[in-house]
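Visitor: Single-letter residue listing:
Protein chains: 2
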Amino acid sequence: MKRMRIVDCLKSDKSLESCTVAGWVRTKRESKENIFIEINDGSCLTNVQVVVGFGDSCYDIARQLHTGASVFITGKLLPSPAAGQKWELKPDKLIVYGDADSESYPLQKKRHSFEFLREIAHLRPRTNTMGAVLRIRNQVSYAIHTFFQQKGFLYVHTPIITTSDCEGAGEMFQVTTLDLLHLPVQDGLIDYSHDFFGAKAALTVSGQLEGELLALAMGDIYTFGPTFRAENSNTTRHLSEFWMVEPEMAFATLDDDCSLAEEFLKFIFTWVIDRCHEDMVFFDERIKPGILHNLESIITSSFEIVTYTDAIAQLKQASEPFEYAVEWGIDLQTEHERWLTEKYYKKPIIVIDYPHEIKAFYMKQNDDNKTVKAMDVLVPGVGEIIGGSEREDRYDVLIQRMQAMGLNPDDYWWYLDTRRYGSAPHAGFGLGFERAIQFITGMQNIRDVIPFPRTPGSAKF
Amino acid sequence: MKRMRIVDCLKSDKSLESCTVAGWVRTKRESKENIFIEINDGSCLTNVQVVVGFGDSCYDIARQLHTGASVFITGKLLPSPAAGQKWELKPDKLIVYGDADSESYPLQKKRHSFEFLREIAHLRPRTNTMGAVLRIRNQVSYAIHTFFQQKGFLYVHTPIITTSDCEGAGEMFQVTTLDLLHLPVQDGLIDYSHDFFGAKAALTVSGQLEGELLALAMGDIYTFGPTFRAENSNTTRHLSEFWMVEPEMAFATLDDDCSLAEEFLKFIFTWVIDRCHEDMVFFDERIKPGILHNLESIITSSFEIVTYTDAIAQLKQASEPFEYAVEWGIDLQTEHERWLTEKYYKKPIIVIDYPHEIKAFYMKQNDDNKTVKAMDVLVPGVGEIIGGSEREDRYDVLIQRMQAMGLNPDDYWWYLDTRRYGSAPHAGFGLGFERAIQFITGMQNIRDVIPFPRTPGSAKF
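Protein sequence lines correspond, in order, to chains A and B. Under the working numbering, the first residue of the first sequence is numbered 1, with each subsequent residue one higher. Under the working numbering, the first residue of the second sequence is numbered 1, with each subsequent residue one higher.
Errors might be hidden in some of the hints.
With a straight-line cut-off of 25 Å between C-alpha atoms, the simulated DSS-like cross-links for lysine-lysine are [stated by the list, open to error]:
#1 B:LYS288 <-> B:LYS110
#2 A:LYS151 <-> B:LYS2
#3 A:LYS151 <-> A:LYS76
#4 B:LYS2 <-> A:LYS266
#5 B:LYS151 <-> A:LYS76
#6 B:LYS151 <-> A:LYS2
#7 B:LYS11 <-> A:LYS151
#8 A:LYS11 <-> B:LYS151
#9 A:LYS460 <-> B:LYS200
#10 B:LYS76 <-> B:LYS2
#11 A:LYS151 <-> B:LYS76
#12 A:LYS200 <-> B:LYS460
#13 A:LYS14 <-> B:LYS32
#14 A:LYS86 <-> A:LYS109
#15 B:LYS90 <-> B:LYS32
#16 B:LYS14 <-> A:LYS151
#17 A:LYS76 <-> A:LYS14
#18 A:LYS110 <-> A:LYS266
#19 B:LYS266 <-> A:LYS2
#20 B:LYS86 <-> B:LYS11
#21 A:LYS316 <-> A:LYS370
#22 B:LYS200 <-> A:LYS200
Okay, the calculated bits of chain A under chain B, using three or more residues with CB under 8 Å as the criterion [unchecked claim]:
#23 95-103
#24 249-260
Derived, one-sided and incomplete: chain A residues facing chain B with beta-carbon distance under 10 Å [said to hold, decoys possible]:
#25 VAL7
#26 ASN138
#27 GLY198
#28 TYR395
Hint data in this document are derived by calculation from the structure and do not stem from the laboratory. Predicted model only: the values in this text are computed from it and were never measured. Backbone N, C-alpha and C define an ideal beta-carbon position, used for all residues, glycine too.
The following block holds chain A by itself, in its conformation from the complex (with noise of 0.2 Å):
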């Protein structure tokens, strides 16, 4: 069944005999001698308008046509009278393999709330805005792993199921195949000898302390999968499943992992305005004016490398009334963040050296035995959107770091060993892939640029 898509269509250069094309009716109207359908097939946001004459042969079965039907259609693509439109189709033949109930269709013409949407996540993709979301994401995905691939990382990956307990990132979800009516307890205590994978499993939080040990054999890698939050955090930031770009660099430093880390979001932000043009204008028109300025001002800047300590500094002369107090030794909150990038430096930044207190124990610790070599890029309208760090890179000073965090560095003996043999200085960083795309296209609710999103209470689909 050869089709042309919408897109290639309408960007012909010259007038076609025979063209076929297939999707779904958006819309449908009727003038005294014609009927107007409008079709998308998800190539692109604009439909291709076909006109169907009084007297055509197809023009019955037009007709009879309701939004959301899928029709295929073979005819001629000729230049439009009208305005806003190259081309129209004049159909030979069309036919409809599937209609939709005018009655029941969830889809009809009106603008339909995204809270609504996402109750009809299986329909919601023949919308524009999620249609845009999706081809969004794949340019995205693809500019990712471009990118890297051009860099010589190798694209790796890392498990998903784990019974190492260890990163302390968050929250887990179990993983576990045994009958939860008839548990084999032995002295209060869970067997998991008997569960699947003979130890209590979970899903992975990160694939950092995995894609470590796959930087310390084969140099520079990425990860690009999902990673799992149980956490219950009901907010237009969290999703319990997304998808995380982890790149790790052995011998590299912290300076190293900056300007990758602003190298990266420079090209994919440049990849996505020359391959998403279309759809990056509705973003701008419709969804959050300016975003389209936002990332081609991000591209242009030169982002500042700041410590930690001077942007307490900084905050703490702000004039701003912050909600949370700010102090040395403070987690940086959002509105910290947006000051910082926002009103203080106008551009992006990269904080570095945080207080190892708020940060993770493999994180190389500086001299100054207070902070580790930290970094987080902060982007205007958002706040953090990459966190990174060089990693600890020696045995003792990474025990004694475990210890005092209360981990039991037995349980890690493997992501030990890469530091008894053969240890080297290596760092990387974490990019949340659907806050990337959020930040993107401004959307508003991260619930809206993932497919089908896993939230409290909610695994539909």
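Fit chain B to the given chain A structure using the hints.
Guide: Chain B only, in chain A's frame:
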């Protein structure tokens, strides 16, 4: 820390006055006048040889180096007098980041069994075989993305956690945050309204059903993500966690599906031979002689399409004594598949139109009321590598099939909706990524083609 990757050093077309590499010592040997150190950084199979002369400034450091140590070396890249290598590195500076104790470092020069290496999966990426596997995984991944991107397919992310215990494709892992020692039991049943998602949840066995929803809005899509099977299969072909590629095309038939599968496999195999030549020669020489020729012959062959009914007739006439008796209605076993593709057709074949009893509910019924529009791609040396179908797009027929197979249509209301509203012919297939890597590399055990395998009883690292 600017370093040059060893793969680039070795491809240099001229001597270099100053060249910095970093990596891990694979071997070291001493002659009267020189120390020869082989360094690998994961960028390619071949090591760069570092030659330190007696009296050189780094001679004393070099003498104390052990296998597994990580080093950072700046020196001159010079033509090598040794046979089999074009370049060698004469160091001016040699920094040891982390040594490796020669008593305890598990990866000494001798050859290790794959079984042993699985026990140290955190270190085995530093071996030739796993390094090569990882580079091939990377290239095949990017080939997959590039193939579909070039064809205008959208990469979509289908959910990992699901509450629709649907497809019956295999046993599922349960996902929960309930406290297993204090379960909310009511009338002898667990009250899942207290669980994280308010319902019983599990890990996906396939993204296909959600992929169909997306294809029936966006046209052509593909997934590439992890899938899970909680089956107690301790074989060389099964993993509990593996990555799957699942394209889905709207307005497509079984024929289109077969064509796409053939084009897809040829694209990937061509890509990997072009881009991983050194690694493929390694697999051809060390792991499975003939594997390279096997791939090349697939690329140049034309896949034969055979109906299941014809295949059964051919198998019945075979003089081969099969372990499983051949009758119309049986599921083809690997022995049958291999005989067909290796002995009878001597090239890849695509078997279509399987009996509906042995295939999933969503496959489109043929008019004979006995078979469905399924297709399996069989390749020499392995048997099935891809399975797919045209999907049942007729609402009534689909409902009947579900009921006949004991499924409750109410559980699939969202899936059925796509057949109620704008249904259209569509088709797709699935490729198990690790099985494809196993086929490409000739590796005997699937546990050795994924960095951290998850299998019954084991989810370490």
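Visitor: Hint by hint, which ones does the structure fall short of?
Guide: 3, 13, 18
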